[in-house]
Amino acid sequence: MAQEGLLEQLRAELSCPVCLDLLTDPVTLDCGHHCCASCLQQRWQDLLDILPCPVCQHHCAYRKLQKNSQLSALADMVKQLPSSGSKRKQQQQQEQDQPLCEQHQQVLSLFCEQDLQLVCVQCRVSCEQQGHSLTSIEEAAAEYRKKLKSHLQILKKQLIDAHKGLEMQILKKNDFIEKFHSGESELRLEFDGLKQFFKKEFDLNDYRLTLSMTSASQNFIESKRQILACRSVTWTLLRDLHEMNLQTDLHLLLTVRSLQHQLSRCEGLEIPTTSSYKFDKVTYSLPPHYFGLQNMLSKFHTDLTLDPETAHQNITITHDRNTATFSHGNMAAAYSPDPNALTSHPAVLSSEGFDSGRHFWMVEIRDKGVWSLGVCKKSFPRDALTATLPHNGCWQLQQSTCMQPYAPTVQALGVFLDYELGEISFYDWNNKTHLCTLTDTFTGKLMPYFSATPTSLTLTMSLIKHEC
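Residue numbers (my numbering): 4 to 471.
Honestly, the hints are just simulated from the structure, not real lab data.
Built from N, CA and C at the ideal position, the CB exists for glycine as well.
Treat the hints with care, as some may be off.
To be verified - Listed next, the in silico DSBU-like pairs over lysine-lysine satisfying Cα-Cα at most 35 Å (straight line):
1. K167 to K468
2. K202 to K302
3. K175 to K281
4. K152 to K182
5. K448 to K468
6. K167 to K150
As the list claims (entries may be wrong) - DEER-style ranges, computed between Cβ atoms:
7. S226 to E246: 38 to 46 Å
8. Q172 to T446: 51 to 59 Å
9. S347 to T446: 47 to 55 Å
10. S218 to V413: 51 to 59 Å
11. F179 to E141: 53 to 61 Å
12. H322 to L162: 42 to 50 Å
Could you put the whole structure together from the sequences, leaning on the hints where they help?
Here's what the structure looks like:
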């Protein structure tokens, strides 16, 4: 009997806490408890991060656990020993561990779908359970596990959606912060530009006012001197004529020549007019870009298209006439240039030209090289090697993309033409900064101009369309 007790105790120690049978392919958990690998896999099947021990509910860190070969060998040895009725006793023990019906004191072996509770066999024939749908515990548990699995899938999806939503929210937050800092920098640049502009305007107008004040003061001084001199002469004549009037007739006629002279002086005397000076009020107007590049874009943007007939032989124009690719030595063997093509240097013009108004267009430049943007007269020579200078009818900004290995190879630039004012301005759209302004007196039609130097091995210019 003592041996049987020890054997039953050994069987209990080597039994799986899930299936209650001897361990099969046992694994050892972090907490020290043992379990069948298949039982544990079934128990953790629908779980995500929380993997509890079936005995103590300790959270395990990993799904893949090390198999315990010693326990496996020991369990196999115990399985070969005679059972001595252990299975029957174990079944009796399991029945003792199962909950009993409070009314009939029998094992709860059935499940009532209507009342959602466990019942015994005796409850099946009772009046309360008549007509109710009763199933075995295994079938009911399997059905509810299906429902659990479906809800687990829904919750998994919701959890994944929540993670995605959180990531999207973080991205939106970071995007907002980036736009905030960009807007703050843009605002500072705009205000710094305004400060510089107002300082320059103040100094210029203050200088003009000083010159005007100096000129007016000199005029006032000269006018005052002339009036004082006239008053002095008048006073002298008045005194002399008054003295002559007091003389006797004889003496008056004796000095008649002197009298005639004084009278002629009186007739020729003119009182100087007082000096007047018109004050010209200081006026100035802000250039368009000080109202904001975005405002300038919305008000004056003009969509352009490239003119393939004017393209140099080393330039490829896309079918939508929106992009020009400059390639060194791209000429075909039997190339026949168009009469309107620029053959002296790699350049292309737009199909649109302007002889009045304000116009703004944007260009995106990719890759590295030396490029030029601006306008030229429609009559600008196409085949002669003419310098692209203002006196030859070409106003342009020439720059090169940075040749550093990790420098950005995409630039966005804006060009603003004010025909009547005689200005063409260039802006760095990425940094929202003003690059330079060229001034002149424009005559005739001006054509937007795009060029690259022959040393630029590959360079792409694309017109940026404005989306309202």
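Open item on the list: Check whether the Cα positions of K202 and K302 lie no farther apart than 35 Å.
Closed with: At roughly 27 Å apart (the allowed maximum being 35 Å), K302 and K202 satisfy the hint.
TODO: Please work out if K167 and K150 have their alpha carbons no farther apart than 35 Å.
DONE: holds, 26 Å
Open item on the list: Range first: 53 to 61 Å. Now tell me if the beta carbons of F179 and E141 are that far apart.
Closed with: Given range 53 to 61 Å: holds, Cβ gap about 56 Å.
TODO: Sort out whether K468 lies within 35 Å of K448, counting only the CA atoms.
DONE: With Cα atoms ~23 Å apart, K448 and K468 stay inside 35 Å; holds.
Task: Restraint check for K175 with K281, where alpha carbons must lie at most 35 Å apart - done: Violated - the C-alpha atoms of K281 and K175 are around 61 Å apart, more than 35 Å.
Open item on the list: Please check whether H322 and L162 have a Cβ separation lying inside 42 to 50 Å.
Closed with: The hint (42 to 50 Å, Cβ to Cβ) holds, given that H322 and L162 are roughly 48 Å apart.
Open item on the list: With the threshold set at 35 Å, check whether the alpha-carbon distance from K167 to K468 stays at or below it.
Closed with: Roughly 33 Å separates the two Cα atoms, so the pair holds.
Open item on the list: Between the beta carbons of Q172 and T446, is the distance compatible with 51 to 59 Å?
Closed with: The hinted range 51 to 59 Å holds for Q172 and T446, with Cβ atoms some 58 Å apart.
Open item on the list: Verify the CB-CB distance for S226 and E246 against the hinted window 38 to 46 Å.
Closed with: violated, 31 Å
TODO: Indicate whether the distance between the beta carbons of S347 and T446 respects the range 47 to 55 Å.
DONE: violated, 23 Å
Open item on the list: For the hint 51 to 59 Å, verify it against the beta carbon of S218 and that of V413.
Closed with: holds, 54 Å
Task: Pairwise hint evaluation, K182 against K152, where the allowed Cα distance is 35 Å at most - done: violated, 44 Å
Hints 3, 4, 7 and 9, counting from the list given before, are not met by this structure.
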